[in-house]
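Use the sequences and the hints to build the structure in full.
Sequences listed follow chains A and B, in order. Going by our numbering, the first residue of the first sequence is number 1, and it counts up by one from there. Going by our numbering, the first residue of the second sequence is number 427, and it counts up by one from there.
Check before you lean on any hint, since a few could be wrong.
As the list claims (entries may be wrong) - Computed cross-link-like contacts, DSBU-like style, restricted to lysine-lysine with a CA-CA straight-line distance of at most 30 Å:
#  : chain 1 : residue 1 : chain 2 : residue 2
1  : A       : LYS421    : B       : LYS750
2  : B       : LYS780    : B       : LYS823
3  : B       : LYS602    : B       : LYS649
4  : B       : LYS649    : B       : LYS750
5  : A       : LYS425    : B       : LYS729
6  : B       : LYS466    : A       : LYS425
7  : A       : LYS238    : A       : LYS341
8  : B       : LYS750    : B       : LYS729
9  : A       : LYS24     : A       : LYS90
10 : B       : LYS649    : B       : LYS607
11 : B       : LYS607    : B       : LYS590
12 : B       : LYS469    : A       : LYS425
What the hints assert, rightly or not - Just the calculated beta-carbon pair ranges, DEER-fashion:
#  : chain 1 : residue 1 : chain 2 : residue 2 : range
13 : A       : PRO89     : B       : ILE461    : 53 to 61 Å
14 : A       : LEU206    : B       : PRO776    : 53 to 61 Å
15 : B       : GLY769    : A       : VAL210    : 31 to 39 Å
16 : A       : ARG21     : B       : PRO545    : 42 to 50 Å
17 : A       : LYS425    : B       : ARG508    : 28 to 36 Å
What the hints contain is simulated information worked out from the structure, not anything from laboratory work. Predicted, not measured: the structure shown is a model, and the values here were computed from it. Idealized CB from N, CA, C, for every residue including glycine.
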Amino acid sequence: MSTMAVDDVAVAPVNEGFWTRARKAGLVLTALGLLAVLLFPALAASEPARFTLSEDASGAALKINGTVGAALFGAVALAAGVAILAGLPKRWFTLVLGVGLVGFVVSFLCWQVSTAPAGQNFMPLVNIVRGTFILALPLIFGSLAGVLCERSGVINVAIEGQLLMGAFSGALFGSLSGNLWVGLVAAAIGGTFISLLLAVFAIRYLVDQVVMGIVLNLLAVGITGFLYERLMQPDPAKYNSAPHFSNWEIPLLSEIPVLGPALFAGNIFLYLGLLLVLVIHIGLFRTRWGLRTRSVGEHPTAADTLGVRVLRLRYRNVLLAGAVAGIGGASYTLALFSFTKNMIGGKGFIALAALIFGRWSPTGALLAALFFGFADQLATYLSAINSAIPSQFLAMLPYLATILAVAGLVGRVRAPAADGKPYIKG
Amino acid sequence: MEPGEIHALLGENGAGKSTLMNVLYGLYQPDEGEILVDGKPLKPRGPADAIAAGIGMVHQHFMLVPVLTVAENVMLGAEQVRGGMLGFLDRRRARREVAEVSARYNLQVDPDAIIEDLPVGIQQRVEIVKALTRDVDLLILDEPTAVLTPQETEELLTVMRELKAAGRSIVFITHKLGEVKAIADRVTVIRRGRTVGTATPEASRDELAALMVGRTVRLTVDKQPATPGEPVLELSGLVVDDDRQVRAVDGVDLTVRAGEVLGIAGVQGNGQTELVEAVMGLRPLLAGSVQLGGERIDAWSTKEVLRAGVGYVPEDRSVDGLVKELSIAENLVLDLYDRPPFGRGLALRPDAIKKSARERIAQFDVRTPSAEAAVGTLSGGNQQKVIVARELSRPLKLLIAAQPTRGVDVGSIEFIHSRVIHERDAGTAVLLVSSELDEVIGLADRIAVMYRGRIIGIVGPDTPREEIGLLMAGITPDPADAGANGATAGTDAGAPAPSGPGSEDEA
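Printed below as a string of structure tokens:
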């Protein structure tokens, strides 16, 4: 009998959606571009907007007339939006979207900077970039802790608690010993302690992982708050005066304009954070540990039938995550501030958002953390120049972006299949 | 077991075949007894021990990580690595090994393909390759043909013969007699956790079946020819997506008439589930319409559909059919709890519920200590009878039965089949969906074969299995051949066929 494959048959008529994900993004970008082109130049002052390549008004600067700049970069955003809307080849999508968004932001900045009061109508790029990284740092550590946990199938809502515990024990033991490295190790152990509780209850006793995470956050606030009031407040000299890591300038690299002083003259935490992104990325996708971690997070039974010890791997990853987050917490108390009550202030939850926004990948989490850090830094800057835009609006941006991300507007977000599901043998 | 032997383990669902093999593979621990490998006792504490002892297993539900590549799945647990402690994956070596094994046993797979993009038959190949790269002497195949088309099954049997020729032993777990006769060297029959007999494949089907279930059973269903009446269910141009927003039903036109059983055959996952759920109002329609007795019901809620006289036996009884923690009596009124005589106003009437439960337990032969027992404590067959009892206790225009006898013992299968036919004879239209071809052939008056979301042919119940099998694999007879078969096809498909372009008449 001669045969014919069914694939050759004409497809039944279905209303194929015109509004693909790319087109929706294009539509949003076009709207933003229109807003920028029509509104920003009108509001901008016809004064020069200066973007200095230093920490203050001095030195070389990129200069553009506020009105012209706002119109020009707004047009870039608009053009990118229209191009995507018109149906751009897929491989160009990310690039054009990126260019368009940057155009929008720069157009916005041209408006803001040009209307700033005299003497403040400049934007120090070094400060902005450095501030972005500093603000992003706890998010980077936090979201990496999330990656380690959730890739192996344990939801980590306790990032906040791990960061806080790390910050606290770093400060406490750093002060007591007067040694930075003791403080750093203590911070890692502090974060691991919270992780251990998470691991035991989630893996061994099968407690709901989200509930457990929230409880642990409250526990960390309680413990550190109590000890802060009992120890640190009465005697800050003894208990809350940890030494701080100083900045290390990396020769040559720190000479690069803007990026050099912002990136290569930072403290150990900045380098450690960036290094960890790289290490975890390579580890996850190129090593035996990574393959096992991913398979345990996706299909633990399959891994088990091949002799991978699921529970042990999960324990190990969760503990490791705690150590990473703990060090992230210490990036506050061993480099910037002394410990204060509840000093993490929700950064752990933003880290969780960065993890999702970054699609559970280390590099994605880094980019998301930087984006959130930038929004944060911009809010600070705008309030400093007395902008008409309430800084609270910018502070909302990260959360808004996360909601859009989770709603699937920036590519399909798919968590590891076994994330949050306890593994019970047999 | 001897080297180079194919040993079939035959038994009903729930007879203990899989449990036995899971013990052998180290997933479960034995309470008593011992396992001998090459004369030495083996106590596998985990799959790793079993693999080390040369035992490999292909599980009924594939143990593959869907988002990883073939090579990654094959290497998992026994990774080829470089760089010592750091353990960098040596993908090139892994790929080469996959290629070698697939060439040696004629099991073609692409090492770089992502598992979730592969069809089931190929995924199974990956499973076999995975076991073979671990150098096993004994391969356990747990119900390997359950998800395959007849053609894929044929290919699998060929692979098994090649493995046998290469000196590997195979334990072949199944409840399909035909396959046992086709390939096994020796047959062990298991019933309720005990070995009840050993046989050679020369034994007749009836003998094996009798051994399997413990008494002689009829393998065919007694029924009179159908007398189809008015169309009851009419689907036209139905388009439905699955949970992942992938098209599952792609333009289906179908009519079921009063007093006939329309069987939908097809390998699982070709859109049957979504089709049924769309009709029941459980899943949104993207296009097309559903009519019940001439009235459009596609915008109706599930409750309205049920109230309009549709009975529904869902394919997964434990998830969709029953509330396991509730009692049998409560489960029996899940559809009518708010109607007299079972409910009045906001209150339930426990006496009426209990009385009706007792009647139906007797009528449908549900084996239970009491009507108050939680449904979850019953055996699969009895759970299914509870669902059937509930659905058949309303006056029906249409009965939709999806996989009505999956995981059900032979006794209950017979009972459920006879109830379905009884319902048909009472003038109800029946839409039967089953991945067991024998069940469809046995019960249906017309058979619609579903493939990749479409009905690619409607044939009569006397059509040879092989022809239906080809249809299930998506291969339709070309027009010249169709002429020869036209007589059957014409009378069966001809009557109701709505004028939809894509589905029924494409051959």
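Status of the hints after comparison with the structure:
no., hint, verdict
1, LYS421(A) <-> LYS750(B), "holds, 21 Å"
2, LYS780(B) <-> LYS823(B), "holds, 26 Å"
3, LYS602(B) <-> LYS649(B), "holds, 23 Å"
4, LYS649(B) <-> LYS750(B), "violated, 34 Å"
5, LYS425(A) <-> LYS729(B), "violated, 38 Å"
6, LYS466(B) <-> LYS425(A), "holds, 27 Å"
7, LYS238(A) <-> LYS341(A), "holds, 17 Å"
8, LYS750(B) <-> LYS729(B), "holds, 20 Å"
9, LYS24(A) <-> LYS90(A), "holds, 14 Å"
10, LYS649(B) <-> LYS607(B), "holds, 28 Å"
11, LYS607(B) <-> LYS590(B), "holds, 16 Å"
12, LYS469(B) <-> LYS425(A), "holds, 18 Å"
13, PRO89(A) <-> ILE461(B): 53 to 61 Å, "holds, 60 Å"
14, LEU206(A) <-> PRO776(B): 53 to 61 Å, "violated, 35 Å"
15, GLY769(B) <-> VAL210(A): 31 to 39 Å, "holds, 37 Å"
16, ARG21(A) <-> PRO545(B): 42 to 50 Å, "violated, 27 Å"
17, LYS425(A) <-> ARG508(B): 28 to 36 Å, "holds, 32 Å"
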